[in-house]
Amino acid sequence: MPDNLEMQRMRARVEAINALPTVPSNLRQISIMLGKPRLTMDEISRFVANDPALAIKVLRMVNSAAYGFPGRISSVSHAIMLLGLNVIRGLLLGISVFELMQKNMSGLWEHSCACAVAARCIAQKKKMKEPEEVSICGLLHDIGKVIIMLQYPSEYEQTLSEAKGKDISLFEAEKESLAATHADVGLWLSQKWCFPINLVEAIGYHHRPQLSTRAPLETAIVHVSNSIVRAKGIGFAGDPFVSAIHPGAWQMLQLSDDDIRDVLTQIDESISIPGGEA
Amino acid sequence: MRRIPIDELQEGMVLAKPLMRDTMIILGEGVVLTEAWISRIEDMGITTVFIEGSAEQVIPKEEALSQLNRRFQHLSDQPHMMALKKIVKEHIEGLYA
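Chains as they are written, first to last, in my numbering: chain A, 1013 to 1290; chain B, 27 to 123.
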């Protein structure tokens, strides 16, 4: 069992993301920007406008089926107005982080996009006010995996092959061999990046939704979305297994069979979300 | 509706979703593809499009269902997860209908 000291060391290393040479410069810049507690719309617009490739990716994402405005958002400032700063911050991070992963963990982007779609669909069914924010929770829930892969590549490769060899989930293998899991790492970073509490808890507790105290509904949605996407077999998140849905979360959402069918259909229809390509 | 790579496009296929480039609609939903459209789509660097018609699945149905069993292999003692599996199984079978 890893001790506390080891966990603190891992946390320090993960949080030093802005200073590490292994972290690509665009991610580092975004991370520095997100670390500012008061980020204005202007600052984000300017940041995105300086990087046309990034701007195009943001626009393709917000115009895709995962968000509610297919084909209608034509500028980054328009996107920020419609979707809100939190959603755009999450998108920027999602796009820049998962781009790195196309090589090392192929399938994680597809898994994450499908979770974004599923989470938005469930959030709408539950009549939540900001389904786009819940969608971002789905998009980013596995961000810890990417960060561990960046900071501890050889250790994580070993964890991945251990999961495969023992026929267990990656989350179980992480608990056995690392000082912290991808959920812990996601929690630390989303706090460091000043994410809103619903995002912090949905990322940090997506494997143990019962721990969420301030955003239990969002966390339950992401937890259930993750399992539905795994059940459907979209993408690859490190192991092929469906994670057991916590009975409390399942109870809380009260999804009917038809609700689940709708989620599955929406996932099918949106598999073409652009992001990785081009 | 199914999504196919552009090199499998044939004349007469019907677009099931509008073809977008960045934020601009290039061809609308319901357009019947001609040779000329297909070659222009290729020139634009688009990789896949949605066309009408039921999906041709990449793997055989038996394979898809055995993968499903494997994904749920640790969960047979949990009734709510088996209920989810049943819905997903029906959904997958529907894709092959």
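Among the clues, some could well be false.
Partial pick of chain A residues on the chain B-facing surface, computed with a CB cut under 8 angstroms [claimed, not checked]:
hint, residue
1, L1071
2, N1075
3, K1244
4, P1252
Here are the simulated distance ranges between beta carbons [stated by the list, open to error]:
hint, chain 1, residue 1, chain 2, residue 2, range
5, B, R47, A, R1058, 34 to 42 angstroms
6, A, K1048, B, N95, 44 to 52 angstroms
7, B, P105, A, E1281, 25 to 33 angstroms
8, B, I32, A, M1045, 34 to 42 angstroms
9, A, A1061, B, H106, 44 to 52 angstroms
10, B, G38, A, T1225, 17 to 25 angstroms
Calculated from the structure, these hints are not laboratory results. No residue lacks a Cβ here, since even glycine has one placed at the ideal position from N, Cα and C.
Right, here's what the structure says about each hint:
{"no.": "1", "hint": "L1071", "in the structure": "holds, 6 angstroms"}
{"no.": "2", "hint": "N1075", "in the structure": "holds, 6 angstroms"}
{"no.": "3", "hint": "K1244", "in the structure": "holds, 6 angstroms"}
{"no.": "4", "hint": "P1252", "in the structure": "holds, 6 angstroms"}
{"no.": "5", "hint": "B:R47 / A:R1058: 34 to 42 angstroms", "in the structure": "violated, 25 angstroms"}
{"no.": "6", "hint": "A:K1048 / B:N95: 44 to 52 angstroms", "in the structure": "holds, 49 angstroms"}
{"no.": "7", "hint": "B:P105 / A:E1281: 25 to 33 angstroms", "in the structure": "holds, 30 angstroms"}
{"no.": "8", "hint": "B:I32 / A:M1045: 34 to 42 angstroms", "in the structure": "holds, 37 angstroms"}
{"no.": "9", "hint": "A:A1061 / B:H106: 44 to 52 angstroms", "in the structure": "holds, 48 angstroms"}
{"no.": "10", "hint": "B:G38 / A:T1225: 17 to 25 angstroms", "in the structure": "violated, 58 angstroms"}
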